[in-house]
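A.B. asks: Read off the chains here:
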Amino acid sequence: MKLKVNGREIELEKAVTLSEFLKSRGFEPERIVVERNLEIVTTEAWGQIILEDGDQLEILSFVGGG
Amino acid sequence: MSFYEVYQQYQEFDFDAFLKGLSAPELLRIISKERLEPLDFLALLTDQAQPYLELMAAKARQLTLQHFGRVIFLYAPLYLANYCVNQCAYCGFNVRNKITRKKLSFEEVEREAEALARTGLRHILILTGESRRETPVAYLGECVQILKQYFASITIEVYPLQESEYARLIEDGVDGLTVYQEAYDETTYDQVHLKGPKRDYRFRLEAPERAAKAGMRSINIGALLGLADWRKEAFFTGLHADYLQTKFSDVELGVSLPRLRPHVGAFQPQAPVSDRNLVQILLALRLFLPRVGITISTRESARLRDNLIGLGVTKMSAGSSTKVGGYAHQEESEGQFALSDTRSVAEIKRMIIQKGYQPVFKDWLAI
Amino acid sequence: MTDQLIIGGRQIKSRFFLGTGKLATHQIIPKLVEVSGAEVVTVALRRVDLDTPDENLLNFIPKECIVMPNTSGARNAAEAIRIARLARAMGCGNWIKIEVITDNKYLLPDNLETIRATEVLAKEGFVVLPYMCPDLMDAKRFRDAGAAAVMPLGAPIGTNKGLRTRELLKILIAEIELPIVVDAGIGKPSEAAEAMELGAAAVLVNTAIATAGDPIMMGRAFGKAVEAGRLAYLAGLGVTKEFAEASSPLTGFLESVV
Numbered sequence: 001m002k003l004k005v006n007g008r009e010i011e012l013e014k015a016v017t018l019s020e021f022l023k024s025r026g027f028e029p030e031r032i033v034v035e036r037n038l039e040i041v042t043t044e045a046w047g048q049i050i051l052e053d054g055d056q057l058e059i060l061s062f063v064g065g066g
Numbered sequence: 001m002s003f004y005e006v007y008q009q010y011q012e013f014d015f016d017a018f019l020k021g022l023s024a025p026e027l028l029r030i031i032s033k034e035r036l037e038p039l040d041f042l043a044l045l046t047d048q049a050q051p052y053l054e055l056m057a058a059k060a061r062q063l064t065l066q067h068f069g070r071v072i073f074l075y076a077p078l079y080l081a082n083y084c085v086n087q088c089a090y091c092g093f094n095v096r097n098k099i100t101r102k103k104l105s106f107e108e109v110e111r112e113a114e115a116l117a118r119t120g121l122r123h124i125l126i127l128t129g130e131s132r133r134e135t136p137v138a139y140l141g142e143c144v145q146i147l148k149q150y151f152a153s154i155t156i157e158v159y160p161l162q163e164s165e166y167a168r169l170i171e172d173g174v175d176g177l178t179v180y181q182e183a184y185d186e187t188t189y190d191q192v193h194l195k196g197p198k199r200d201y202r203f204r205l206e207a208p209e210r211a212a213k214a215g216m217r218s219i220n221i222g223a224l225l226g227l228a229d230w231r232k233e234a235f236f237t238g239l240h241a242d243y244l245q246t247k248f249s250d251v252e253l254g255v256s257l258p259r260l261r262p263h264v265g266a267f268q269p270q271a272p273v274s275d276r277n278l279v280q281i282l283l284a285l286r287l288f289l290p291r292v293g294i295t296i297s298t299r300e301s302a303r304l305r306d307n308l309i310g311l312g313v314t315k316m317s318a319g320s321s322t323k324v325g326g327y328a329h330q331e332e333s334e335g336q337f338a339l340s341d342t343r344s345v346a347e348i349k350r351m352i353i354q355k356g357y358q359p360v361f362k363d364w365l366a367i
Numbered sequence: 001m002t003d004q005l006i007i008g009g010r011q012i013k014s015r016f017f018l019g020t021g022k023l024a025t026h027q028i029i030p031k032l033v034e035v036s037g038a039e040v041v042t043v044a045l046r047r048v049d050l051d052t053p054d055e056n057l058l059n060f061i062p063k064e065c066i067v068m069p070n071t072s073g074a075r076n077a078a079e080a081i082r083i084a085r086l087a088r089a090m091g092c093g094n095w096i097k098i099e100v101i102t103d104n105k106y107l108l109p110d111n112l113e114t115i116r117a118t119e120v121l122a123k124e125g126f127v128v129l130p131y132m133c134p135d136l137m138d139a140k141r142f143r144d145a146g147a148a149a150v151m152p153l154g155a156p157i158g159t160n161k162g163l164r165t166r167e168l169l170k171i172l173i174a175e176i177e178l179p180i181v182v183d184a185g186i187g188k189p190s191e192a193a194e195a196m197e198l199g200a201a202a203v204l205v206n207t208a209i210a211t212a213g214d215p216i217m218m219g220r221a222f223g224k225a226v227e228a229g230r231l232a233y234l235a236g237l238g239v240t241k242e243f244a245e246a247s248s249p250l251t252g253f254l255e256s257v258v
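Protein chains in written order, with the numbering used here: chain A, 1 to 66; chain B, 1 to 367; chain C, 1 to 258.
It should be emphasised that the hints constitute simulated quantities derived from the structure, not laboratory data. Misleading hints may appear alongside valid ones.
As the list claims (entries may be wrong) - Keeping only pairs whose Cα atoms sit at most 20 angstroms apart, straight-line, the calculated DMTMM-like set for lysine to aspartate or glutamate is:
(1) B:K103 <-> B:E134
(2) A:K23 <-> C:E55
(3) A:K2 <-> C:D49
(4) B:K323 <-> B:E157
(5) A:K23 <-> C:D54
(6) C:K241 <-> B:D40
(7) C:K170 <-> B:E37
(8) B:K247 <-> C:E175
(9) A:K2 <-> A:E52
(10) B:K247 <-> C:D138
(11) A:K2 <-> C:D51
(12) C:K241 <-> B:E114
(13) A:K4 <-> C:D51
(14) B:K247 <-> B:E134
(15) B:K323 <-> B:E26
(16) C:K241 <-> B:E34
(17) B:K323 <-> B:E108
To be verified - Not the full set, but computed from the structure, chain C residues with beta-carbon under 10 angstroms of chain B:
(18) K31
(19) V35
(20) M137
(21) R143
(22) A174
(23) G236
(24) G238
(25) F243
(26) P249
(27) L250
(28) G252
In this text, a Cβ means the ideal position worked out from N, Cα and C, and glycines have one as well.
Whole structure, please, built from the sequences with the hints as guidance.
C.D. replies: Listed below in structure tokens is the structure:
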């Protein structure tokens with residue numbers, strides 16, 4: 001299935017939970033915030049959400065800024 | 001919330017201790033500050049500030065030039081009627097005074113307007129005593145409708161009205177309100193207003209706010225100097241102006257400095273205000289409120305008025321009569337107070353020009 | 001007499017706010033915070049790089065600091081609101097600096113859109129600090145919308161030109177009861193001190209430190225400057241005479257009278 005993550009197309013072999021997906025990419029919960037299809041997903045819900053074909057994810061973190 | 005809350009905050013304030021505790025360096029610092037706080041203003045009204053009058057005058061002159069230029073706005077008062085139900089100790093129209101009571105008919109209003117307009121003046125102040133029977137709001141409204149054919153700006157100085165009444169008169173063509181608290185000190189206020197609706201201190205105090213809410217473009221306030229301690233009265237006048245300007249930032253604020261004058265009746269000023277005192281008030285006010293208009297009427301002598309032009313005065317009455325009517329025909333009735341500067345409009349105009357200022361007869365025109 | 005700065009119901013110990021943008025490395029942030037004394041530290045929110053995840057910026061911001069995310073990137077109220085909500089979901093608190101900029105030439109903020117965002121976010125419980133072009137009417141609108149402070153610019157972002165909006169800042173300081181935090185344009189410690197002498201509640205500095213020869217030393221200088229300026233303000237500045245005296249006495253006419 002195809003996802004759009006941070007504007008980039010990503011192919012996934014099989015359906016995984018959001019939590020599994022993020023872990024597989026090396027992200028730690030404390031340093032990112034995730035928006036799925038324009039809705040913020042709290043860290044507690046990451047384990048319950050199963051990614052679907054066509055999902056659009058925004059994964060953001062804090063960077064330096066003024 | 002109204003100005004009354006601000007006034008009350010100072011009831012516990014130890015004015016005497018403050019007045020005694022000022023130093024020379026402190027006063028110098030205050031005079032040179034860009035922005036004065038209320039207590040700075042109070043400091044400039046004290047005896048200790050007296051030696052610095054010339055310094056204050058230099059700054060006041062500069063501020064007035066910067067914010068107003070070399071202009072003096074001219075207007076004349078037209079007394080529509082002198083019927084009054086109030087018994088005010090200091091006023092010639094006191095209900096107990098045996099004077100000729102008169103009210104202008106609409107034809108007379110028109111004739112007075114013609115006569116006044118011939119002098120070139122376009123800003124008029126209309127006054128009445130307090131009588132809702134003889135000069136109700138409807139009468140005022142009718143007069144305004146007549147007067148607006150002749151004058152670009154009409155200011156009313158009548159008994160305090162409700163917000164809706166101000167709104168109605170604004171619709172008729174009024175753009176300015178003048179209402180003097182007479183005495184901010186409640187005790188004195190109570191003592192000099194012996195009988196009548198004018199005894200309601202708060203209703204009068206809050207009149208400017210009601211007018212501002214109704215959409216009045218310009219508002220003038222003041223205290224009748226000489227009734228109560230002039231320093232405190234000047235202080236509260238400044239505070240009141242500052243309060244109104246801050247709360248109603250789109251209103252054009254002005255302050256008048258009327259000094260008690262000889263009039264029919266036996267009342268003598270409790271706290272006489274000397275010329276020097278008056279100048280001090282004017283200068284302190286200018287430093288505290290650089291953009292507020294300051295008016296000196298024909299209560300004051302020609303000599304004094306002329307000298308005050310460079311110091312902060314921005315508006316003057318000219319060719320005035322404080323009798324009912326008094327411009328078209330010379331009827332014998334008593335004026336509200338005796339005039340000191342009896343020069344004609346033409347003479348005042350000449351004097352202003354000679355001083356290097358421009359007399360302004362018409363400041364704006366409502367379209 | 002204690003001199004307290006209270007924003008969003010919280011006492012802020014330092015009137016120097018630190019921006020973390022344009023730094024060569026995040027490593028110096030802890031030292032910068034230490035030498036400048038900053039308590040409020042701004043950050044931005046961006047997409048992570050999927051290929052090379054960065055070091056977590058939050059590791060470099062001391063725990064005692066208040067993290068203030070900005071909504072940089074937002075071009076309108078809706079985007080600012082979205083970014084603010086995302087930033088809050090990071091779990092570092094509910095402070096937000098609203099920055100809505102559609103002007104890429106000068107980076108001047110859009111007051112109108114910022115006001116709209118403030119109205120929404122203040123209702124959602126954010127501690128809102130809007131970055132604004134100093135305008136008195138707009139400052140009143142921010143106040144009425146529930147902002148916790150306002151952040152007027154001294155000069156456009158990155159210009160280091162100092163308090164070009166000086167007269168407007170003075171008016172805001174005089175007329176608006178909220179803390180005024182001068183943000184953007186401060187290029188030197190003396191300018192930070194100047195802002196404090198005028199009565200500003202705090203200043204935010206970023207570019208001047210990030211682009212200094214020695215950012216740590218500059219950070220220290222700014223910390224001291226803000227302190228000095230605040231003390232001077234509290235002490236009451238002395239006499240400066242800026243008006244000319246007339247050649248002949250203006251009050252001479254009173255001499256002959258009592």
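A.B. asks: For every hint, state whether the structure bears it out.
C.D. replies: Consistency of the hints with the structure:
1. B:K103 <-> B:E134: Holds: K103 (chain B) and E134 (chain B) sit about 8 angstroms apart, inside 20 angstroms.
2. A:K23 <-> C:E55: Since the Cα atoms of K23 (chain A) and E55 (chain C) sit roughly 16 angstroms apart, the hinted pair holds (cutoff 20 angstroms).
3. A:K2 <-> C:D49: holds (19 angstroms)
4. B:K323 <-> B:E157: Holds. K323 (chain B) to E157 (chain B) sits at ~14 angstroms (cutoff 20 angstroms).
5. A:K23 <-> C:D54: Since the Cα atoms of K23 (chain A) and D54 (chain C) sit roughly 15 angstroms apart, the hinted pair holds (cutoff 20 angstroms).
6. C:K241 <-> B:D40: Answer holds: K241 (chain C) to D40 (chain B) is near 17 angstroms, not above 20 angstroms.
7. C:K170 <-> B:E37: holds (14 angstroms)
8. B:K247 <-> C:E175: The given pair, whose Cα atoms are some 11 angstroms apart, holds under the 20 angstroms limit.
9. A:K2 <-> A:E52: Given that 20 angstroms is the threshold and the Cα spacing comes to 8 angstroms, the pair holds.
10. B:K247 <-> C:D138: holds (16 angstroms)
11. A:K2 <-> C:D51: Holds - the C-alpha atoms of D51 (chain C) and K2 (chain A) are around 18 angstroms apart, at most 20 angstroms.
12. C:K241 <-> B:E114: violated (50 angstroms)
13. A:K4 <-> C:D51: Distance ~15 angstroms between K4 (chain A) and D51 (chain C) Cα, so the pair holds.
14. B:K247 <-> B:E134: violated (34 angstroms)
15. B:K323 <-> B:E26: It is violated: about 47 angstroms lies between the C-alpha atoms, which goes past 20 angstroms.
16. C:K241 <-> B:E34: Holds. K241 (chain C) to E34 (chain B) sits at ~10 angstroms (cutoff 20 angstroms).
17. B:K323 <-> B:E108: holds (13 angstroms)
18. K31: violated (39 angstroms)
19. V35: violated (34 angstroms)
20. M137: The hint holds - M137 (chain C) has a Cβ within 10 angstroms of chain B, the shortest such distance being about 9 angstroms.
21. R143: Result: violated, 13 angstroms to nearest chain B Cβ.
22. A174: holds (6 angstroms)
23. G236: holds (7 angstroms)
24. G238: holds (6 angstroms)
25. F243: F243 (chain C) check passes; min Cβ-Cβ to chain B is 4 angstroms, inside 10 angstroms.
26. P249: It holds, given that the least Cβ distance between P249 (chain C) and chain B is near 6 angstroms, below 10 angstroms.
27. L250: OK, holds: L250 (chain C) within 10 angstroms of chain B, min 4 angstroms.
28. G252: holds (8 angstroms)
In terms of the numbered hints stated before, the structure departs from hints 12, 14, 15, 18, 19, 21, listed from lowest to highest.
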